[in-house]
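Residue numbers (this note's numbering), protein chains in the order written: chain A, 11 to 493; chain B, 258 to 505.
No wet-lab data here; the hints were simulated from the structure. Think of the CB as a built atom: it goes at the ideal place given N, C-alpha and C, for glycine as much as any other residue. Treat the hints loosely; a few may be bogus.
[Said to hold, decoys possible] SDA-like, lysine to any residue: derived pairs with alpha carbons at most 20 Å apart:
hint: 1; chain 1: A; residue 1: K466; chain 2: B; residue 2: R397
hint: 2; chain 1: A; residue 1: K466; chain 2: B; residue 2: F403
hint: 3; chain 1: A; residue 1: K466; chain 2: B; residue 2: E393
hint: 4; chain 1: B; residue 1: K408; chain 2: A; residue 2: A439
hint: 5; chain 1: B; residue 1: K408; chain 2: A; residue 2: K482
hint: 6; chain 1: A; residue 1: K482; chain 2: B; residue 2: E371
hint: 7; chain 1: B; residue 1: K396; chain 2: A; residue 2: A477
hint: 8; chain 1: B; residue 1: K396; chain 2: A; residue 2: V478
hint: 9; chain 1: A; residue 1: K482; chain 2: B; residue 2: P348
hint: 10; chain 1: A; residue 1: K466; chain 2: B; residue 2: V345
hint: 11; chain 1: A; residue 1: K466; chain 2: B; residue 2: G351
[Said to hold, decoys possible] Using C-beta positions, here's what the derived DEER-type ranges look like:
hint: 12; chain 1: A; residue 1: L387; chain 2: B; residue 2: R365; range: 45 to 51 Å
hint: 13; chain 1: B; residue 1: E371; chain 2: A; residue 2: D154; range: 38 to 44 Å
hint: 14; chain 1: A; residue 1: P43; chain 2: B; residue 2: E328; range: 54 to 60 Å
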Amino acid sequence: MPAVAETLDTVRAAAEGGYKYGFETDIAMDLAPKGLNEDIIRLISARKDEPGWLLDWRLKAFKAWQSMAEPSWAAVKYPPIDFQDLHYYAAPKKKMLASMDEVDPELLRTFEKLGVPLAERAALAGVAVDAVFDSVSVATTFKDKLTEKGIIFCPISEAVREHPELVRKYIGSVVPAGDNFYAALNSAVFTDGSFVWIPRGVRCPMELSTYFRINARNTGQFERTLIIAEEGASVSYLEGCTAPMRDENQLHAAVVELIALDEASIKYSTVQNWYPGDAEGRGGIFNFVTKRGACRGRNSKISWTQVETGSAITWKYPSCILQGEGSIGEFYSVAMTNHFQQADTGTKMIHLAPRTRSTIVSKGISAGRSQNTYRGLVRMMPKARDARNHTQCDSLLIGNQCGAHTVPYIESRCPTAKIEHEATTSRIAEDQLFYCRQRGLSQEDATGMIVNGFCKEVLAELPMEFAVEAQKLLAISLEGSVG
Amino acid sequence: MLAIENLAATVDGKEILKGISLEVAPGQVHAIMGPNGSGKSTLGYVLAGREGYEVTSGSATWNGSDLLAMEPEERAAAGVFLAFQYPVELPGVGNANFLRTALNAIRRARGEPEMDAMQFLKLARAELKKLGMPDEMLKRSVNVGFSGGEKKRNEILQMAILQPKLAILDETDSGLDIDALRIVADGVNALRAPDRAMVVITHYQRLLELIVPDQVHVLANGRIVKSGGRELALELEAKGYAGLGLAA
Chain A
11 MPAVAETLDT
21 VRAAAEGGYK
31 YGFETDIAMD
41 LAPKGLNEDI
51 IRLISARKDE
61 PGWLLDWRLK
71 AFKAWQSMAE
81 PSWAAVKYPP
91 IDFQDLHYYA
101 APKKKMLASM
111 DEVDPELLRT
121 FEKLGVPLAE
131 RAALAGVAVD
141 AVFDSVSVAT
151 TFKDKLTEKG
161 IIFCPISEAV
171 REHPELVRKY
181 IGSVVPAGDN
191 FYAALNSAVF
201 TDGSFVWIPR
211 GVRCPMELST
221 YFRINARNTG
231 QFERTLIIAE
241 EGASVSYLEG
251 CTAPMRDENQ
261 LHAAVVELIA
271 LDEASIKYST
281 VQNWYPGDAE
291 GRGGIFNFVT
301 KRGACRGRNS
311 KISWTQVETG
321 SAITWKYPSC
331 ILQGEGSIGE
341 FYSVAMTNHF
351 QQADTGTKMI
361 HLAPRTRSTI
371 VSKGISAGRS
381 QNTYRGLVRM
391 MPKARDARNH
401 TQCDSLLIGN
411 QCGAHTVPYI
421 ESRCPTAKIE
431 HEATTSRIAE
441 DQLFYCRQRG
451 LSQEDATGMI
461 VNGFCKEVLA
471 ELPMEFAVEA
481 QKLLAISLEG
491 SVG
Chain B
258 MLAIENLAAT
268 VDGKEILKGI
278 SLEVAPGQVH
288 AIMGPNGSGK
298 STLGYVLAGR
308 EGYEVTSGSA
318 TWNGSDLLAM
328 EPEERAAAGV
338 FLAFQYPVEL
348 PGVGNANFLR
358 TALNAIRRAR
368 GEPEMDAMQF
378 LKLARAELKK
388 LGMPDEMLKR
398 SVNVGFSGGE
408 KKRNEILQMA
418 ILQPKLAILD
428 ETDSGLDIDA
438 LRIVADGVNA
448 LRAPDRAMVV
458 ITHYQRLLEL
468 IVPDQVHVLA
478 NGRIVKSGGR
488 ELALELEAKG
498 YAGLGLAA
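Let the sequences and hints guide you as you build the complete structure.
Right, dumping it as structure tokens:
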């Protein structure tokens, strides 16, 4: 039997062990009725005690959404989604607790199963955790330390109440309410998410982190995150996700907006491990995400790093709009698909100003019968004098039933702009596997090691504690997935 | 004890080994010489269990257990080590990480405790020093961007750390200048031990001046055509394969 086929067998056997994070938590839910209409939006807005302007904004987005069609250009196939058959609001009944002691012990156990013992982990790693459990934030830590620096890090619903002027100024300014089908849906029904504001000249003293988790059955999760770095400010934000095992597809349509002013920098790192569906392609999360950052200021910088191993469908293009002269956009991505997973992911780098620079490093790994597409746009506008882009796009195939596709869109309207694109596609070589096994590594460990090596450039961009987690995640996804 | 009996093997349906018998006792070093295409490397791969090298008849046992029935990693755990003629590059995989993972996989398989990063680093640094390699070697990706000599030294480093019981060195001398050859040979000689058997595959007798074998076998056209003491290597050097009546 050829080595690769044997690898896949090993992996298939391991896959029967099941999804490591597949469990469901039994916490009483406050559930809105299924379906989407103006009344549901009013209900969400009322539950959150929102001001009138935000309700109006939601309703406008809903109107826009109603007139839009689901996008069909991505290389993903899935059964039609019945948007009226979903719950748009679910919240654990106890909410906004004053201290950790008041948190539902069941919930804490869930975090522990996920390997996120909230308090200890936060304390040990120096990470402030704004834990999103379904839609309502349950606990926020390290707030005092951040407050001292004047940093705002809170659930976006709280920001709407406490800092309405900031939210109103920036929300929808990077991803407008009617930007695209899923962004419009999110704008209409988002229930929570994080808000970060770093004041002028402040470097955020710790990594900011949120653990998202979808839990309620049939509840689409619509997170909305807004991060603003004022002049000379800097922040690193980590987002990590796992979800319980289930049969039905779940919709996830998040929106993330980043705004960097003069000399500011924002680093946004994601590890995404939502339930990918089973080995036959049943179930799994549908992940339609709009992430976009605006480098508004001179020499500002926005850096996206993502490790995507989960979800049945991934539709995600974290992008940078380089408006400020000399601003920098970066996109580092690992996307791993297995079984029947489909990923269509990449980035857009829109160069509007002189001397702007962008770097794209994309590593796609496909196994099983999965399809993995890199889709990226680099656009140089007429004023982007001496702008530069470098794109490196590598695909690794495991087995012979999967697909890797690269779809670069390159547009230059500026003669002095430079664009470089490199792409490779390879297989895990038999001689590499044999070499590792001759040294005593199992087929599975050997494959994990080779894949981690393939992704190294991207993993190196993650903050330390996240990089370790991501490596483990790739190995876990390999056990139950790749080979 | 390595005991090979009447071993035949094919690659892509072509018979390369045509009935090889060989015994190597612990503590001994046997050299296998022979012209290109005689099947030397194939023998190494068959013993290590490479895919695509199909054994059609005969047997190979190591201390009584059937080598040919084991997976490559099981053979490694049983003490088999193959120093590759062309060491394979593993982009992005750090040498230290690779070696420690390999060592711990083997230790686990043997029921020994794993080595932590600090213990391993101490061990690796000591072995690097012996081979005249800088510590920086541990940080680089496995064999990526290594010169020919560095790759061969890296193989010996792995051998020194993994401490195999049966070491097969496949043309470890090829591509080495005389200084590098000496360092590699010193590394191999340092690993000679009463409980360790070695099979040294080489083209040239110059390596055997530095690693003095107990026995020399000449492989030609898939068969061992002549065996003898180290003087056989000298005879070969003087007369060439043709002088022994073998087509080169």
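We went through each hint and held it up to the structure:
| no. | hint | in the structure |
| --- | --- | --- |
| 1 | A:K466 with B:R397 | 12 Å, holds |
| 2 | A:K466 with B:F403 | 19 Å, holds |
| 3 | A:K466 with B:E393 | 18 Å, holds |
| 4 | B:K408 with A:A439 | 19 Å, holds |
| 5 | B:K408 with A:K482 | 29 Å, violated |
| 6 | A:K482 with B:E371 | 19 Å, holds |
| 7 | B:K396 with A:A477 | 17 Å, holds |
| 8 | B:K396 with A:V478 | 17 Å, holds |
| 9 | A:K482 with B:P348 | 19 Å, holds |
| 10 | A:K466 with B:V345 | 18 Å, holds |
| 11 | A:K466 with B:G351 | 10 Å, holds |
| 12 | A:L387 with B:R365: 45 to 51 Å | 48 Å, holds |
| 13 | B:E371 with A:D154: 38 to 44 Å | 41 Å, holds |
| 14 | A:P43 with B:E328: 54 to 60 Å | 57 Å, holds |
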